[in-house]
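Asks: Spelled out, the chains give:
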Amino acid sequence: MRWLPIAAAVCLLSAPAARAASDAPPLSPLQAAQLQAVCSRCHARPDSGAPLMGDGAAWAERNAAGFAVLLRHTVDGWRTMPPLGICGSCSEADLRVLVAIVSGLPDPQAAR
Amino acid sequence: MTWTRRNVLKGAAAGAVWTALPGCSDPTPTLAPGGPGYRPGHPLPWRNWAGTAWCEPAVRAAPQSEDEVVSWLARAPGPVRPVGAGHSFSPLVPTDGTLFSLDGLAGLGEVDDAALTAWAWAGTRLGNLGPLLASHGQAMPNLPDIDYQALGGALATSTHGTGRRHGSLSDPIDALVLATPAGELIACDREREPEVFHAARCSLGALGVVTRAKLRNRRAFRVREVTTMRPIQELLDEAEARADAAPFWECYAFPHSSQAMEIVTTETDAPDSEPEDADLNALGDMRALAIRLVQAGRPGAAVLDAILGAIEPSEKVGPSHRVLAHTRIERFHEMEYTVPADAGTACLREILETIRVRRIPIVFPIEFRFVRQDDIWLSMFSGRDGASISIHQFNDLDYRPYFDQIEPIFWKYEGRPHWGKLHTLDATRLAERYPHWQDFREVRRALDGDGRMRNAYLARILGS
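Chains as they are written, first to last, in the numbering used here: chain A, 102 to 213; chain B, 15 to 478.
Careful, some of the hints might be misleading.
Short, incomplete list of chain B residues facing chain A, as computed with Cβ under 8 Å [claimed, not checked]: (1) W60; (2) V73; (3) R74; (4) L113; (5) N142; (6) A339; (7) H340.
Since the hints were made in silico from the structure, they are not lab data.
These figures come from a predicted structure and were not determined experimentally.
For each residue, glycine too, the CB sits at the ideal point set by N, CA and C.
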């Protein structure tokens, strides 16, 4: 029952992000919690200064660097993006799914 | 702190000539993030928000129920270190054993609308807790300056906001459940297992893993935050009276300047203010100019005063959980000590004078807050009202040349370091600052005699 509000919040993500999500592997309950509790704290808040989920223009230049760079910046931190996106529970597999959803750039490893 | 780019740049333009001074560059050594970065094909490293602590854990545990917490704790390789948002600057978390996250245990449990209490899972991020409580007509009595932290991490370090009538977040806790390293669940409050309760409300994650806590809340309320620049000496002269007059009061003193930013927050029934025109990068944008002004000595300080004085008052109104906590995107390093409340302004004055006389090249404002005393054994506010003073350095600069000069001033005023922030004290020197130090050690010995929760940092600050 604890997952109901999380699932509802994920459903409220913008349409482009939802399209990206449809290309990504299905979210585990933990990944849904990570997306709602951690990623969305900045990437779904217009006042955070972070590029928003679904904002293609904001992500275009970042995504041009490729998925590997996005992943490295997520793990190590990059400018105002904190290391691991302050997600203590995130494994690399979790981060790959979450980065794909937040940026809208599919993980090439997931396509293999 | 509310800046607007318009205001800052308007002031900065007046001092732009100083940026052309020859030989003026920031002399502070840079500091790269520590530890191994991401390496494809290798285990995922962990690093804290500031990049000052890191590790390569053998195991990442992410239980999604209290039963799973117990099961994991019984078999997880040590050291077992709980992690929340990783916002602590001190190395509380690093382990080559098990990194233990409660992200999968988030949200509210039982809510009592009449008693205004709510059980909350320890993995809940504070920023998500506010809206959840608001949906039940409740609010936490106070919040810290930022709300990225997980509830469990905030409690473990006695994280606090500001206000002479408010204790830390660990204070309004009526009960909690602790999962011990042996894999037992202990439900405790002031009557049941009171020693465990007094120790576990601020435990540094040394006793096991707090899975949930019963929050003693109040009815949801709205606040108005007013931010104004004022002369620092005048503000410090009146600090205690001004803090008595407002439920939430704090100030930021600007080194090498006569200016401070006062933030007064009071309750209101007024409607939400318009979204603020805050420039989240203003401090970073101003950094290069401010460094040059500091190096220019007294004339530069006058220009800095003019720039800061150009910042206009601002106001923000909304639900408490949206106003008391702020968005901070500029990463930094931080040291904070809490000194006795009546010594707070003297301590801050000495810090500012030391910075001025030694011409320490620092532009980051110094945060000054009041917090009410509590009866929690290892809380920084244990048995005495406190004034918490926080010094910061930009994340890419070496904080040590600055912090090393200021930390002895905190010691002179009997300061206690914030458990989640940087300091250099060890167990011997910390023990003399806490009347219940030995009581905590005995609970720790009873619950974790084998030291499965102990990492190198805990060995330093708590002893073996």
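Asks: Determine for every hint whether it applies to the structure shown.
Replies: Here is what the structure says about each hint:
| no. | hint | in the structure |
| --- | --- | --- |
| 1 | W60 | 7 Å, holds |
| 2 | V73 | 11 Å, violated |
| 3 | R74 | 6 Å, holds |
| 4 | L113 | 7 Å, holds |
| 5 | N142 | 6 Å, holds |
| 6 | A339 | 11 Å, violated |
| 7 | H340 | 10 Å, violated |
Hint check: violations occur at hints 2, 6, 7; the rest are consistent with the structure.
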